[in-house]
Amino acid sequence: MKIIAAILFFLFLGLPLTKGQKEMGNVLTVEKWAIEQQSSLTIDGRSNVNTFKCGVKEFLRTDTLVYMSYEGIQKRASLKGSVTININRFDCGHKFMTNDLRKTLKSDENPNLVIRFISMDKIRETNMNQVTKGIVEIQLAGVTKQYEVNYAIQNNNKNMILTGNRKILFSDFSLKPPTRLAGLIKVEEELNVQFQLMLKPVQ
Amino acid sequence: MKKALIASLSAGVILLILSLGLSYLAISVMPGLMEEYFSPVFRSSGKVDWMFYVHPFIVSFALKWFWERYKDQFTGPFVLRAIEVALVYGIVAMVPVLWLTFSAIDVSLQMTLTWLGYGVLQAFVAGLIFAKLNP
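In the order they appear, the protein sequences are chains F and C. The first sequence begins at 54 in the working numbering and counts up one residue at a time. The second sequence begins at -10 in the working numbering and counts up one residue at a time.
Just so you know, the hints here were simulated from the structure itself, not pulled from any lab data. Remember, predicted model here, so these are calculated numbers, not experimental data. Don't take each hint at face value.
[Said to hold, decoys possible] Under the rule of at most 25 Å between Cα atoms (straight-line distance), these lysine-lysine pairs were calculated in the DSS-like manner: (1) F:Lys229 to F:Lys148; (2) F:Lys220 to F:Lys175; (3) F:Lys239 to C:Lys36; (4) F:Lys156 to C:Lys(-9); (5) F:Lys106 to F:Lys175; (6) F:Lys229 to F:Lys159; (7) C:Lys36 to F:Lys159; (8) F:Lys133 to F:Lys211; (9) F:Lys229 to C:Lys36; (10) F:Lys239 to F:Lys220; (11) F:Lys220 to F:Lys110; (12) F:Lys148 to F:Lys198.
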């Protein structure tokens, strides 16, 4: 009985490793980049009376971005890391819009916007300018959604600038766009989120 | 009584159309000023939206009462009578209330003046209808 239990134990222990190896292959490249404080994020939107651009030029908490590509035919490489932005630091350049956006994004209850990096299409050498795609997880107003994001990679001496953009909807996060005068003045559902990460290689 | 009710309701419907038309006109002509409605002093759309759409009827019924009470004071052609009603309404009702609003709430002078113009125009249109239907 003990022998059977021991065999089963080792069988289960070994199973995920074998499966993982089959799926991912051996690690080909590991690169680590520190996300610098000077990184920025903007949210563009429009209403039927104006357009607005709300931005934050300083991330609250930054992380190290770890890029891991694997041998084999996999198109995607894994990407780990996140950035956290305090919504109360958003500035729309117009006090009414700034207050309204913060209120709409429920900054009192959930003050942080978190972008978690999940994966990225394999990139060629990191010292080349290129465009690619990847998956990120956006956490806003207590709701988390995954999106495919377009990235542009630019090299700046040894550092790298990773620019990503993605259109999101207020309704994706169970939020209602601001409206006034019984709905005569309204902000459109669609927002364009853009982030620019200043990355510094970590040895 | 029936005639007065018809005149009040007709004025209400016309003022509602006027109010929507002027709102859309203001959105396209003065978008910068309309942006001010995103200020936290204004309500977000929601449960009390109906009150916005009912306000032309409140104005029309109030002005109808005023018209019936004082129409003998307004003489001359019907357009002139409507102008007089509008000016009296503007001076007696709108100016004091807007003065108080401007002093107490963080709204711009331009916004306050648009409300004055809007109110006077509403009274003028209601005056035209009453002067025609119940001279």
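Hint-by-hint comparison with the structure:
{"no.": "1", "hint": "F:Lys229 to F:Lys148", "result": "holds (20 Å)"}
{"no.": "2", "hint": "F:Lys220 to F:Lys175", "result": "holds (23 Å)"}
{"no.": "3", "hint": "F:Lys239 to C:Lys36", "result": "holds (16 Å)"}
{"no.": "4", "hint": "F:Lys156 to C:Lys(-9)", "result": "violated (48 Å)"}
{"no.": "5", "hint": "F:Lys106 to F:Lys175", "result": "violated (31 Å)"}
{"no.": "6", "hint": "F:Lys229 to F:Lys159", "result": "holds (10 Å)"}
{"no.": "7", "hint": "C:Lys36 to F:Lys159", "result": "holds (19 Å)"}
{"no.": "8", "hint": "F:Lys133 to F:Lys211", "result": "holds (21 Å)"}
{"no.": "9", "hint": "F:Lys229 to C:Lys36", "result": "holds (14 Å)"}
{"no.": "10", "hint": "F:Lys239 to F:Lys220", "result": "holds (18 Å)"}
{"no.": "11", "hint": "F:Lys220 to F:Lys110", "result": "holds (20 Å)"}
{"no.": "12", "hint": "F:Lys148 to F:Lys198", "result": "violated (29 Å)"}
Violated hints, in rising order: 4, 5, 12; the structure is consistent with all others.
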